[in-house]
Amino acid sequence: MQLKIEQLIPVPLREKLNQKHSDVWLQNLLIESLDYVGVQAPSGTGKTTLIHSLCGLRQDYDGAIFWDNKNLRNKNGEEISELRTQKVSVIFQDMRLFPDLTAWENLELKRTLTNTVSAKEAAEWMNRLGIGDKMMALARTLSYGEQQRLAIIRSLLQPFSFLLMDEPFSHLDHQNTTVASQLILEVVKKNNAGLLLADLDENDFFPYNKTYLL
Amino acid sequence: MSQNCQAGILKKLLLRKTKSGRLVSAWIALCIGCTLLLVSVIIWSCFQDLLSGKSGEDSLGATFLTISKKVDDASMAQKGSTQILSDDIAVIKTAPQVQDVGLLTPANFKVAASLGSGQMSFYTLLFLESAPDRFMDKMPETWKWQEGDNTIPIILSRDFLNMYNYIFAPSQGLPLLSEQSVKAIGFKLTMGEGANQVDYRAQVEGFSDRISSVLVPQSFIDYGNQKFSPGSIGKASRMIIKVGDPSDKNFVTFLEKNNYTTNAEQLRFSKMRSVVEVVSGATGILALLLMAIGTLVFVLFIELTMAQAQESVRLLLQIGYSPKKLSRFLITKYIPIMLSALLAALLIASSFQFFAAHQLNSMQLKINSFPGIYVWIAVGFSALILLLQINQSIKKAINSKI
Chain Z
1187 MQLKIEQLIP
1197 VPLREKLNQK
1207 HSDVWLQNLL
1217 IESLDYVGVQ
1227 APSGTGKTTL
1237 IHSLCGLRQD
1247 YDGAIFWDNK
1257 NLRNKNGEEI
1267 SELRTQKVSV
1277 IFQDMRLFPD
1287 LTAWENLELK
1297 RTLTNTVSAK
1307 EAAEWMNRLG
1317 IGDKMMALAR
1327 TLSYGEQQRL
1337 AIIRSLLQPF
1347 SFLLMDEPFS
1357 HLDHQNTTVA
1367 SQLILEVVKK
1377 NNAGLLLADL
1387 DENDFFPYNK
1397 TYLL
Chain G
58 MSQNCQAGIL
68 KKLLLRKTKS
78 GRLVSAWIAL
88 CIGCTLLLVS
98 VIIWSCFQDL
108 LSGKSGEDSL
118 GATFLTISKK
128 VDDASMAQKG
138 STQILSDDIA
148 VIKTAPQVQD
158 VGLLTPANFK
168 VAASLGSGQM
178 SFYTLLFLES
188 APDRFMDKMP
198 ETWKWQEGDN
208 TIPIILSRDF
218 LNMYNYIFAP
228 SQGLPLLSEQ
238 SVKAIGFKLT
248 MGEGANQVDY
258 RAQVEGFSDR
268 ISSVLVPQSF
278 IDYGNQKFSP
288 GSIGKASRMI
298 IKVGDPSDKN
308 FVTFLEKNNY
318 TTNAEQLRFS
328 KMRSVVEVVS
338 GATGILALLL
348 MAIGTLVFVL
358 FIELTMAQAQ
368 ESVRLLLQIG
378 YSPKKLSRFL
388 ITKYIPIMLS
398 ALLAALLIAS
408 SFQFFAAHQL
418 NSMQLKINSF
428 PGIYVWIAVG
438 FSALILLLQI
448 NQSIKKAINS
458 KI
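Protein chains in written order, with this note's numbering: chain Z, 1187 to 1400; chain G, 58 to 459.
Excised from the complex, chain Z in its bound form (with noise of 0.2 Å):
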């Protein structure tokens, strides 16, 4: 899958981000289908605001994006599902769990969708990140260690040929993070797929083979 950037510029951020320069912003940007990007963006570059252009949750911006070569803005409704259950996986900086459901129900709800990962691939993958005796607990009652944890889980448990991941480990420390990142890149690997990450700090938790400043 090949993602293409043209111009894009956010339009209520569109004087702060005029004064300075981007890699991103108001560029022309061609990002392949097995690309691993990192993008360093500082407090206020509008980090999150890329990735919800990017996977279709905000329109207010001017330039183009394109997802093999169509015009994201030109998807309707149930396009833009389709892109978001079959090839664009997202983990929100905010997790955007359902408070009131399980941890597990969080993810049968995902899982079902496509029922690409079985529900025991999905409980080794809580134990391995070390959520397994969360299950039952409701999302609102987890840390936000551990709802991060099962919002990268939730990612994973459908197919993908890009994951966006905005601050997915802002919440983990070292070793969790260590043993996120390594889930992921199995399942990206395994899904044949390319990656775009956005973190403040320049960081090393993929092999990047494309990186932009924001």
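Rather than coming from a laboratory, the hints here were simulated on the basis of the structure. Warning: the hint list may mix true and false statements.
What the hints assert, rightly or not - Listed next, the in silico DSSO-like pairs over lysine-lysine satisfying Cα-Cα at most 27 Å (straight line):
#1 Lys1256(Z) / Lys381(G)
#2 Lys150(G) / Lys126(G)
#3 Lys453(G) / Lys299(G)
#4 Lys1261(Z) / Lys453(G)
#5 Lys382(G) / Lys1273(Z)
#6 Lys1273(Z) / Lys314(G)
#7 Lys1306(Z) / Lys1396(Z)
#8 Lys1256(Z) / Lys458(G)
#9 Lys1396(Z) / Lys1202(Z)
#10 Lys68(G) / Lys1320(Z)
#11 Lys1190(Z) / Lys1256(Z)
#12 Lys1273(Z) / Lys74(G)
#13 Lys423(G) / Lys76(G)
#14 Lys452(G) / Lys1261(Z)
#15 Lys1256(Z) / Lys452(G)
#16 Lys1261(Z) / Lys381(G)
#17 Lys458(G) / Lys1261(Z)
#18 Lys1320(Z) / Lys74(G)
#19 Lys1306(Z) / Lys68(G)
#20 Lys1306(Z) / Lys167(G)
#21 Lys382(G) / Lys1256(Z)
#22 Lys1273(Z) / Lys167(G)
#23 Lys167(G) / Lys284(G)
#24 Lys1261(Z) / Lys382(G)
Said to hold, decoys possible - Residues from chain G that face chain Z, not an exhaustive set, calculated with beta carbons under 7 Å:
#25 Asn61
#26 Cys62
#27 Gln63
#28 Ala64
#29 Ile66
#30 Leu372
#31 Ile376
#32 Pro380
#33 Ile459
What the hints assert, rightly or not - Simulated restraints on C-beta separations:
#34 Glu360(G) / Gln1272(Z): 25 to 35 Å
#35 Asp1246(Z) / Glu368(G): 18 to 28 Å
#36 Gln1272(Z) / Glu368(G): 20 to 30 Å
We treat Cβ as the ideally placed atom computed from N, Cα and C, and that holds for glycine.
Following the hints, position chain G against chain Z.
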């Protein structure tokens, strides 16, 4: 299995906040609206049946009037003064209320009816009349006669039988006769006089509420007048007319002005019919209004439920649930509720119809005991409208979260 699990979780997310009290209230509102709509359709279709005489009894069939020229002191001496001429028909047709005109053709020859001998025997002179088939409220299958047939079917005015049973028979010590017994008894009709006299067998085939006469098929009257009274064809004195609203004051004035007479009670009865039509129309409008309110309450209930679940809907869309899938899930949850309200309304309305048919039957007014085609059309139409409304409100709520 996994689909059931998914449906369970979706239900928990989207419908858990539904208050059962609100659901019951919305269901009752919808049910009342549907019930009133169906009852008004039943009332309307039953009145249509009664007024158009489809039920066979034509008990409210006052749209047909039998009119004739008034007999006054001046016309008493003039022979043929009550005869209907083609000019008279032309004049009647000019009245805007008149939709159709037909002549009641009398037998212009001597007719005598007789039966057996002994205590049950009788002999009487009789008159016969015929009306065009389109004006008949009773048309038995045996209602035909052709030259050579020895049996003549007769339709008798129900008034005549009532007069016999309630006035004549008790005063003369004669046995009462039911409609069935009259139909079972055949009697002899003797036509003409002298050498031209012929005997026929007559059989009462039915009773009319519309025309006060002794009716035989038109073909027999035409044949009889030619055979027994040549040259008298067409000397009718009574007309039967079909009118839109006989209680119209202008029409009553028109009849009086042209010196026609008819049954005044029939006109008064027609006024009642007009009132009934207005009431049934008003009931229909009220029912439509209440149905609209019922639908609105139900749709508002759905929109409120959707509003309470809006965060969940937004998140579901964000993790990849398609608007179509969510709509389908929600619609399948609301359709059974909607259908159950409609079904309950149908049961209540059918019970009403069954009860009303039973009550009216004792008043000689026959209506169907079970819902007719119009009720089923109303049910189908209501279901379709509700489905479209539910579909629209759910889609609107979901699409606003994309």
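Worksheet item: If you draw a straight line from the CA of Lys453(G) to the CA of Lys299(G), is it 27 Å or shorter?
Response: violated (54 Å)
Discussion item. Against the 27 Å threshold, does the CA-CA distance of Lys452(G) and Lys1261(Z) hold or violate the hint?
Written reply: holds (18 Å)
Worksheet item: Given the hint that Lys382(G) pairs with Lys1273(Z), does the C-alpha gap stay at or below 27 Å?
Response: holds (18 Å)
Practice prompt. Take the C-alpha atoms of Lys167(G) and Lys284(G), compute the straight-line distance between them, and say whether it is at most 27 Å.
Written response: Within the cut-off at roughly 12 Å; holds.
Discussion item. Let's test the interface hint: is any C-beta of chain Z closer than 7 Å to that of Ala64(G)?
Written reply: violated (9 Å)
Discussion item. Lys458(G) and Lys1261(Z) were given as a pair; does the straight-line alpha-carbon distance stay at or below 27 Å?
Written reply: holds (15 Å)
Worksheet entry | Cys62(G) as chain Z interface residue, shortest Cβ-Cβ below 7 Å | holds (6 Å)
Fill in: Lys1190(Z) paired with Lys1256(Z) [C-alpha distance capped at 27 Å]
With Cα atoms ~9 Å apart, Lys1190(Z) and Lys1256(Z) stay inside 27 Å; holds.
Fill in: Restraint check for Lys1306(Z) with Lys167(G), where alpha carbons must lie at most 27 Å apart
violated (105 Å)
Worksheet item: Given Ile376(G) was flagged as interface, is its beta-carbon under 7 Å from a beta-carbon of chain Z?
Response: Ile376(G) check passes; min Cβ-Cβ to chain Z is 6 Å, inside 7 Å.
Fill in: Whether the CB-CB distance between Gln1272(Z) and Glu368(G) falls inside 20 to 30 Å
holds (25 Å)
Worksheet item: Taking 27 Å as the top limit, are the C-alpha atoms of Lys1261(Z) and Lys382(G) close enough?
Response: Holds, because 17 Å separates the two Cα atoms, which is no more than 27 Å.
Hint compliance for this structure: hints 3, 6, 7, 12, 13, 20, 22, 25 and 28 are broken, all remaining hints hold.
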